[in-house]
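Protein chains: 2
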Amino acid sequence: MAKDMTLLWGSGSPPCWRVQIALEEKNLQGYNQKLLSFEKGEHKSKEVMDINPRGQLPAFKHKTYVLNESCAACIYLESQFKSQGNQLIPDCPAEQALMYQRTFESLTFTQKMADVIYYTWKVPEAERHDSAVKRNRETLSAELKLWEGYLQASGSFLAGKNFSLADVIVYPSIAYVFRFGLCEERYPKLAAYYNSLKSRPSIKTTWPRTWLETQGSDMLKDL
Amino acid sequence: MAKDMTLLWGSGSPPCWRVQIALEEKNLQGYNQKLLSFEKGEHKSKEVMDINPRGQLPAFKHKTYVLNESCAACIYLESQFKSQGNQLIPDCPAEQALMYQRTFESLTFTQKMADVIYYTWKVPEAERHDSAVKRNRETLSAELKLWEGYLQASGSFLAGKNFSLADVIVYPSIAYVFRFGLCEERYPKLAAYYNSLKSRPSIKTTWPRTWLETQGSDMLKDL
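Heads up: the protein sequence lines correspond to chains A and B, in order.
Following the UniProt record's numbering, the numbering of the first sequence begins with 1 at its first residue and continues without gaps.
Following the UniProt record's numbering, the numbering of the second sequence begins with 1 at its first residue and continues without gaps.
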């Protein structure tokens with residue numbers, strides 16, 4: 001029982017979901033957790049700010065060690081609980097290299113996704129341009145095609161024959177683009193990856209409850 | 001001799017510099033390397049694209065394993081050459097947690113730095129706004145104050161009593177903001193950190209040659 005861990009999280013947030021998946025993969029259940037609402041601004045509450053002064057979720061702590069950056073938390077958990085649950089960092093140098101490469105490359109993917117999905121939230125009305133929206137969408141589409149190609153080459157998982165930290169970190173972003181209406185027919189490898197991992201216990205157990213209860217958006221349907 | 005490694009790099013680029021520092025720290029000298037020019041567009045050359053299809057530098061390879069993401073390359077090198085050169089990932093869980101947290105947090109810092117320094121390069125003229133420039137600068141200033149506070153708390157290094165991967169990854173970005181004119185008096189802890197590590201062998205040896213030969217910018221002097 002991971003009673004010495006605390007996770008404050010928001011439903012549907014890829015960074016929060018990553019940490020939840022990693023905890024499941026490492027058999028670290030029973031941690032203290034609290035679901036907070038972005039809509040109600042609870043990510044700016046004192047409870048969050050005490051752990052994460054950036055006022056973002058996740059806010060995560062193991063003992064007194066703070067790991068709010070979701071990728072940092074995932075790598076740390078694997079390092080500290082290496083022999084527990086599923087091994088997430090491959091020993092094979094070739095797979096390990098690919099795993100780290102895809103993990104860090106995914107931050108570019110996430111950034112490009114955010115530039116499209118959060119555009120009106122991030123850019124004040126007076127600074128918005130149709131040309132920027134169009135360019136951001138084209139950039140995201142090109143990025144998704146790269147990942148489509150990666151999966152074409154790698155098969156079931158992103159870095160080798162086993163589920164790894166790269167999958168823990170990238171899967172929530174891929175699920176997110178489908179939640180926002182990405183066309184499964186146009187990105188068949190991404191869709192196959194998305195659908196095949198839905199039933200993996202660590203992912204199924206942590207699937208965002210809000211996604212089960214509400215309809216997604218169709219923002220990316222023409223991408 | 002690291003003859004099974006190849007690094008294509010550009011002078012003054014923080015991501016390239018990180019990999020160079022990591023290689024020095026791990027005593028991996030003698031690798032194949034080639035200095036390319038961003039100005040001449042050599043980062044889009046076939047030689048680079050063959051290793052890094054994103055057309056970015058660094059392009060880095062160990063044997064046949066490609067690690068173009070600079071942070072991925074640094075973590076991989078530490079993992080594969082753990083007992084060689086300086087240990088960059090602390091064993092102590094508290095220091096390790098802080099090291100990973102700062103390492104990934106630095107990607108936010110780098111992004112905010114890029115939003116200011118590359119604004120006119122990234123944003124087409126018709127989409128530029130003084131309000132965006134002002135906001136980006138304020139955001140970067142707030143970010144730098146966070147790091148000033150981190151150094152106030154941690155002392156000589158970013159994550160504990162020894163130089164670590166967090167320093168390898170963050171130092172080039174901190175040097176970059178000073179290269180762009182950040183005021184040493186206004187950010188005394190960052191300045192002390194910047195100056196004290198200049199003489200560290202891994203950093204001194206890899207100091208961007210272009211920086212020794214040309215004047216920096218004063219873009220950030222009022223930040």
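Simulated from the structure, these hints should not be mistaken for laboratory data.
Where hints are given, some of them may not hold.
What the hints assert, rightly or not - Below, simulated DSBU-like cross-link-like pairs (lysine-lysine); rule was C-alpha separation at most 30 Å, straight line: (1) A:Lys145 x B:Lys112; (2) A:Lys44 x B:Lys112; (3) B:Lys44 x A:Lys134; (4) A:Lys189 x B:Lys44; (5) B:Lys189 x A:Lys134; (6) B:Lys63 x A:Lys161; (7) B:Lys134 x A:Lys122; (8) B:Lys34 x B:Lys63.
To be verified - Cβ pair distances, simulated, as ranges: (9) B:Gln152 x A:Lys189: 43 to 53 Å; (10) A:Tyr119 x B:Asp222: 21 to 31 Å; (11) A:Asn32 x B:Leu146: 49 to 59 Å; (12) A:Lys134 x B:Ser83: 50 to 60 Å; (13) A:Pro201 x B:Ser79: 22 to 32 Å; (14) B:Val133 x A:Leu35: 29 to 39 Å; (15) A:Ala153 x B:Glu184: 43 to 53 Å; (16) A:Lys204 x B:Gly216: 30 to 40 Å; (17) A:Gly181 x B:Lys46: 29 to 39 Å; (18) B:Met1 x A:Asp130: 50 to 60 Å.
C-beta atoms are modelled at their ideal positions from N, C-alpha and C, and glycine is treated no differently.
Q: Please flag the earlier hints that this structure goes against, numbers listed from lowest up.
A: Violated hints: 5, 11, 16; rest satisfied.
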